[in-house]
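Those protein sequences? They're chains L and B, same order as listed. Read left to right, the first sequence gives residues 1 to 257 (the numbering used here). Read left to right, the second sequence gives residues 1 to 647 (the numbering used here).
Among the clues, some could well be false.
What the hints assert, rightly or not - Just a sample of chain B residues kept apart from chain L, beta carbon distances all over 10 Å, derived: (1) Met23; (2) Glu489; (3) Ser490; (4) Glu521; (5) Phe624.
What the hints assert, rightly or not - Simulated DEER-style distance windows between Cβ atoms: (6) B/Arg495 <-> L/Asn75: 38 to 44 Å; (7) L/Asn75 <-> B/His517: 33 to 39 Å; (8) B/Lys493 <-> L/Gly214: 33 to 39 Å; (9) L/Arg83 <-> B/Leu25: 53 to 59 Å; (10) B/Glu379 <-> L/Asp120: 37 to 43 Å; (11) L/His24 <-> B/Lys498: 28 to 34 Å; (12) L/Asn175 <-> B/Phe624: 57 to 63 Å; (13) L/Ser140 <-> B/Val197: 31 to 37 Å; (14) L/His94 <-> B/Leu641: 51 to 57 Å; (15) L/Lys109 <-> B/Glu487: 39 to 45 Å; (16) B/Glu491 <-> L/Pro148: 53 to 59 Å; (17) B/Lys544 <-> L/Lys109: 47 to 53 Å; (18) B/Lys184 <-> L/Val142: 30 to 36 Å; (19) B/Gly382 <-> L/Asp120: 31 to 37 Å.
As the list claims (entries may be wrong) - Listed next, the in silico DSS-like pairs over lysine-lysine satisfying Cα-Cα at most 27 Å (straight line): (20) B/Lys631 <-> B/Lys529; (21) L/Lys196 <-> B/Lys182; (22) L/Lys3 <-> B/Lys513; (23) B/Lys498 <-> B/Lys196; (24) B/Lys184 <-> L/Lys109; (25) B/Lys182 <-> B/Lys24; (26) B/Lys6 <-> B/Lys24; (27) B/Lys24 <-> B/Lys184; (28) L/Lys3 <-> B/Lys303; (29) L/Lys151 <-> B/Lys374.
No wet-lab data here; the hints were simulated from the structure. All C-beta atoms, glycine included, are put in the ideal place defined by N, C-alpha and C.
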Amino acid sequence: MEKTMNLILKVWRQRRRDDVGQFHMYELQNVSEDSSFLEMMDSLSEELVSRGEEPVAFDHDCREGICGMCSMTINGVPHGPERATTACQLHMRHFNDGQIITIEPWRAKPFPVIKDLVVDRSPFDRIIQSGGFITARTGSAVDANEIPISKQTADFAMDAAACIGCGACVAACPNASAMLFTAAKVTHMNSLPQGKAEQDRRTLAMVTTMDREGFGGCTNVGECEAACPKVISLDMIAHLNRDYLSAQTKNFLKPVQ
Amino acid sequence: MNLDSKIPEGPIAEKWSSHKFNMKLVNPANRRKYTVIVVGSGLAGGAAAASLAEQGYNVSCFCYQDSPRRAHSIAAQGGINAAKNYQNDGDSVHRLFYDTVKGGDYRAREANVHRLAEVSVDIIDQCVANGVPFAREYGGLLANRSFGGAQVSRTFYARGQTGQQLLLGAYAALSKQIGLGKIKMHNRHEMLDLVKVDGHAKGIIARNMVTGEITRHAADCVVLATGGYGNVFFLSTNAQGCNVTATYRAHKRGAGFANPCYTQIHPTCIPVHGEQQSKLTLMSESLRNDGRVWAPKSADTAKLIREGQLQANDVPEVERDYYLERKYPSFGNLAPRDISSRSAKEVCDEGRGIASTGLGVYLDFRDAIERDGKQAIQERYGNLFEMYNRITADDPYQVPMMIFPAVHYTMGGLWVDYNLQSSIPGMFVGGEANFSDHGANRLGASALMQGLADGYFVLPYTVGNYLGEQGVAAAGQITTDHKNFSEVESEVKARIDKFLTINGTESPRSFHKRLGHIIWEQCGMARSKEGLEKAIRDVQALRKEFWENVRVVGDADGPNPELERAGRVADFLEFGELMCRDALMREESCGGHFRVEHQTEEGEAKRDDDAFAFVGVWEYIGDFVEPALHKESLIYDNVKLATRSYK
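Please take these sequences and the hints and turn them into a complete structure.
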């Protein structure tokens, strides 16, 4: 027999981007401890619809921790209390009967609220558009085994590439810095031999875009790594800083752009 | 309905190259005069949009998520097949072709499958060039693993997140073109209808999911890469937003829908936990390389386990039935998905299922951990084990995983010819949204392969061919001022108004759940004439009830998840009926389609090649009117039709 719990939810409601939002309190009963956090949110939606009220809007899609769409701050922590876990993979067995749970959107100036818990994360896309790619026109590739890549290098690139672009790092950072995201993306490509040719251009362009989008500076707080559902290491930021310094120096001597 | 498959002449291995040579080309300077709409930004859509833009076409790309990087291709775990034969174990283009046709239970089109196998090798090259960090051996060369339905190791992988890495590769290429201004990206937009002018697809009507605005978009042709329809079952491994609306709307505008009853039930998913469940989670098939599938030999033992009186690890070896190894000794735990799923169902039907619901079997890593050590297993499957642990709170290093089949992939889709053009001229369909390559059952690690094959290497040629045939004088001539746009737009708006004014008592989600229940019971792993006839009646009744009693709260002028869901469920209700009709029509068992009336004495699927070696293509005639069935005969010149055997 599945165990259930009753909860008190304190949820951020905001009708539109320019509206003033506020917390609303909801009581929710009979939540299965085997359900995920988003399934609990579904139950709340059904409850609200049955009363003729608008359900809480929240972003979600794959519900298996990989698409990076879900984005809610649960009791002050992006994606909630479990380490290395997205909100969709967080299960209610980690909460207690009668608990008050506070649910908010990502809080960061570059991620304005669209509605309730839904925010606009398009600045991440623009960072990628400015340089987060390896130019390799379709059909122009050499054989995949032509350039050997040591296992260590491939594994390291994979560690960086594991980022799901959810934005929890920004939401967790007191400066709303996007350094962990940008560093993971830059390092993934810069560490591979295929990405070397564009390394300096890429690094400068992506950092420039990041700054232009209004993200704060990095002061090595480390909240980003703690909140990251894929546990992207703070080391990535060190790699980005090294590549950035090198690119700036080269750019000073002879422009790389 | 014209079902000319346009398969090129000549020997199968030369069809694609000679066809490429015979295609019309568009001068690079003229390409910028054309606009192509691509709906969907997954592997097929993202790769096609990027490649077409690289060639010089203007592209408008649409996705319902907040970023193209989130398309559901991202969730594929295990890997991507390619006939590289890097393992020197006898693989070849012909073998991948053969395995895919056989795996699809001889219901796929030979020429398309051969092309897929041919371009598979180019896909791996392209992905590596784009920075996909595939797993490597210590020597720096690419690693492979084996997958179900094949006896060679041809699967390339990036930990347990191959889908994400491949998608990020295509997304990076797409992003570059967005940055250059060649692609206009429309995030958080949902296609709600197709617009035709003089019989050709010339645009779409979409809804901006942030502002609620209904927008018109015109182009010289339209590519749909909008994924599968697995969410008709409500519970599936698909993302929450996956839906049939784009393809079903196109179907209602004249595109034939092929083989909708071919759905894949994946054998290794986490069992259902209860009523509040919203989705099912897949555990990659790659786990079957090392995990052994078993159930207790006796129903009594299974009962003790269900009641919590006996632990899996305490079941002695003689009491365990490794049923896949027993029934299919040469493929063992790597038997194809349809066969593995059905075997699990049989075991549970016999009362030997575990999990609290009785709907589950074990996937056990005990022997692999003893043989290779925990570390080796952790390297191979670490993230999958963690995911399992997060969801179930069990530790698969200590206790066997519990698994049960779940809806995962849909082989059916819009009918397309060899050029991936639907029965509506100017509308192309790629990836899971079309029907073409997997027949009645898809092999593991072949979905990513097909999505990228269509997106990188097929559509960029065939779309160009179509545009070339239309001539440069036609480029950009149709604009959104054309009266057909305003007509379709009014229909879309009227439908939205209707949703908002029914003011019933039941939520769209509730209707979706009820629909899923009907479809799963009657059109799931085992189907019967009686059950399907009942399902058609039930779905029709439910559809009627929906339009009388659905309650859609909120308004149309901004984000409204309930309105979005209502539209999708309304289309699923119509589509579900079509699926049951197709299953009812197909009086045979093949691949993922199992009719209980058609099985061997051993309970294996029994095909009827004389009567059913055809693609069943449905034409929409009208509301509550039985659709018309058209047939495309399947001709096998290169593969001998045989009863599939994995014994």
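Is it true that the CA of L/Lys196 sits at most 27 Å from the CA of B/Lys182? 25 Å, holds
Are L/Lys3 and B/Lys303 close enough, with their CA atoms no more than 27 Å apart? Given that 27 Å is the threshold and the Cα spacing comes to 21 Å, the pair holds.
For L/Lys151 and B/Lys374, compute the direct alpha-carbon distance and say whether it is at most 27 Å. Since the Cα atoms of L/Lys151 and B/Lys374 sit roughly 20 Å apart, the hinted pair holds (cutoff 27 Å).
For B/Ser490, is the shortest CB-to-CB distance to chain L above 10 Å, so the non-interface label stands? 26 Å, holds
Kindly confirm whether 47 to 53 Å is satisfied by the beta carbon distance between B/Lys544 and L/Lys109. 50 Å, holds
Does the alpha-carbon distance linking B/Lys631 and B/Lys529 stay inside the 27 Å limit? 21 Å, holds
Mind checking the hinted window 33 to 39 Å against the Cβ distance between B/Lys493 and L/Gly214? 37 Å, holds
Taking 27 Å as the top limit, are the C-alpha atoms of B/Lys498 and B/Lys196 close enough? 24 Å, holds
Would you mind confirming whether the straight-line C-alpha gap from L/Lys3 to B/Lys513 stays at or under 27 Å? Distance ~22 Å between L/Lys3 and B/Lys513 Cα, so the pair holds.
L/Ser140 versus B/Val197 beta-carbon gap, inside 31 to 37 Å or not: This hint holds: roughly 36 Å between Cβ atoms.
Confirm or reject the claim that B/Arg495 and L/Asn75 have a C-beta distance inside 38 to 44 Å. 41 Å, holds
Is it true that the CA of B/Lys182 sits at most 27 Å from the CA of B/Lys24? 22 Å, holds
In this structure, none of the earlier numbered hints is contradicted; all agree with it.
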